[in-house]
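Colleague: Based on the provided sequences and hints, a complete structural model is requested.
In order, the protein sequences belong to chains A and B. Using this note's numbering, the first residue of the first sequence is number 1, and each one after it goes up by one. Using this note's numbering, the first residue of the second sequence is number 1, and each one after it goes up by one.
The set of hints was computed from the structure by calculation and includes no laboratory data. Bear in mind that the values here come from a model prediction, so they are computed numbers and not experimental data. You can take every hint at face value.
Sample of chain A residues lacking proximity to chain B, with all beta carbon distances greater than 10 Å (derived):
{"hint": "1", "residue": "Leu5"}
{"hint": "2", "residue": "Leu48"}
{"hint": "3", "residue": "Gly49"}
{"hint": "4", "residue": "Ala50"}
{"hint": "5", "residue": "Ala52"}
{"hint": "6", "residue": "Leu53"}
{"hint": "7", "residue": "Asp89"}
{"hint": "8", "residue": "Arg90"}
{"hint": "9", "residue": "Leu91"}
{"hint": "10", "residue": "Tyr92"}
{"hint": "11", "residue": "Ala93"}
{"hint": "12", "residue": "Pro153"}
{"hint": "13", "residue": "Ser157"}
Pair ranges (Cβ atoms, derived):
{"hint": "14", "chain 1": "B", "residue 1": "Glu209", "chain 2": "A", "residue 2": "Phe144", "range": "46 to 52 Å"}
{"hint": "15", "chain 1": "A", "residue 1": "Gly126", "chain 2": "B", "residue 2": "Leu103", "range": "32 to 38 Å"}
{"hint": "16", "chain 1": "A", "residue 1": "Leu136", "chain 2": "B", "residue 2": "Gly222", "range": "40 to 46 Å"}
C-beta: ideal position from N, C-alpha, C; glycine also.
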Amino acid sequence: MIRNLTALFVIFAAVVLQTSVLPVHVATPFKPDLLLVAMVYIALRSSLGAGALTAWSLGLLKDVFSGLYLGLNAFTFLIIFLVIKSISDRLYAESGELFVVTVGAATLVCVTLDLILLVMLTSSPGIVYSMAADFLPHLLATAFAASLVTLLPVFSSPQEVL
Amino acid sequence: MDFFKKFGLVILAGAGILAALIFYSLNIPHKRNANFVERGVMMALSPVMKPAARMSGFFEDAWDNYFNLVGVRQENLRMRDEVKGLNARIVAAGETALANQRLQKLLDMKNSITIPTLSASVIGEDVSSWFRTLVIDRGSSDGIAEGMAVVAADGVVGQIVKVSPTTSRVLLLTDHTSGISATIQRSRARGVVKGKAEGLCSLEFTTREEDVKVGDMVITSGIGGVFLKGVPIGEVTMVKRGEYGIFQTVSIRPLVNIPHLEEVMVVLREAHD
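Modeller: Here it is as structure tokens:
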């Protein structure tokens, strides 16, 4: 119960940080995707059922504060979660370096899937250029945020989060 | 002998007192000069007195300085607090002056619009880097609905897209999905302002024959019923006419400084009115 409440508080803090605090201090392309970092963390340390629902919910939460298309990130987060989950048993989940690399790969997949879905299903001319231009700083910022997560004491504990 | 034994002490005491009196009376004429006793004692004690005096002075200074330092430290802390407080007041005063300027400009814009408007503060931005939306602190409970126009002191900001009872999201004019019917103020050439990357916009569907020049002001045309006619959008920064094609490429820099936007106004008129 306390763990779930803590997780809820962390997610709430991440959303507030990303929508209201970071934009004041960080240039737009350097905004990290904190919810994606949380999702990867959950994917490496949770059960399939609860984790999948949480990953989808995190994506939905991101959609509430991003763009116009509700469900876009929910879908991509779920896909990424399932991919990570399918190989997480073979990964050393406590490794900080591996976590940062996984977050980097997840960012790349997230942007690619978002782009494919936007181009295929919506009318968003010019979005390709914007996403391509901002991708590298976004990737670096997200990887940096992930590296900060590895410094937290909770990262070293092997217990499941959900 | 018995006499001396009986009164010896008294006689000795009396003789001593007498000697002391004589000694005193003899020294009265030489009161300004040191006699051998004084000189001897002074000489004997001088090697000790000097360092003792110095040491005593040192300890006195140390004691006084210690107390003084305690006072100075406390005073220093108090003054630092005062400086902090004064600095905070200076910053707050500067911030108030800037807010006053911004709100004055916003009020000027509000007065120029005949339709009721509602002021709102920007409380958040889009969490992703490639969509351009803002979150404002007004929602459906304040009378806001999807499709309403949002303006700032300098011009058009965007359009309300998603409304909750307490907050709303604004689709900025720089977003890729945004489209605002516009006119070049000087030549009355028409087009649609669409969002582009890097916080810029483009004027689309403007035919090659239309007169568009760098520096032209782009304003809303009023077509579509979302924005009032004549609200400034931006300034033309680049015009390119290719050898082929029907339309020209026009780049626009929005007048509103979107990254530093703090207050906006929502025009309380729905698009279908």
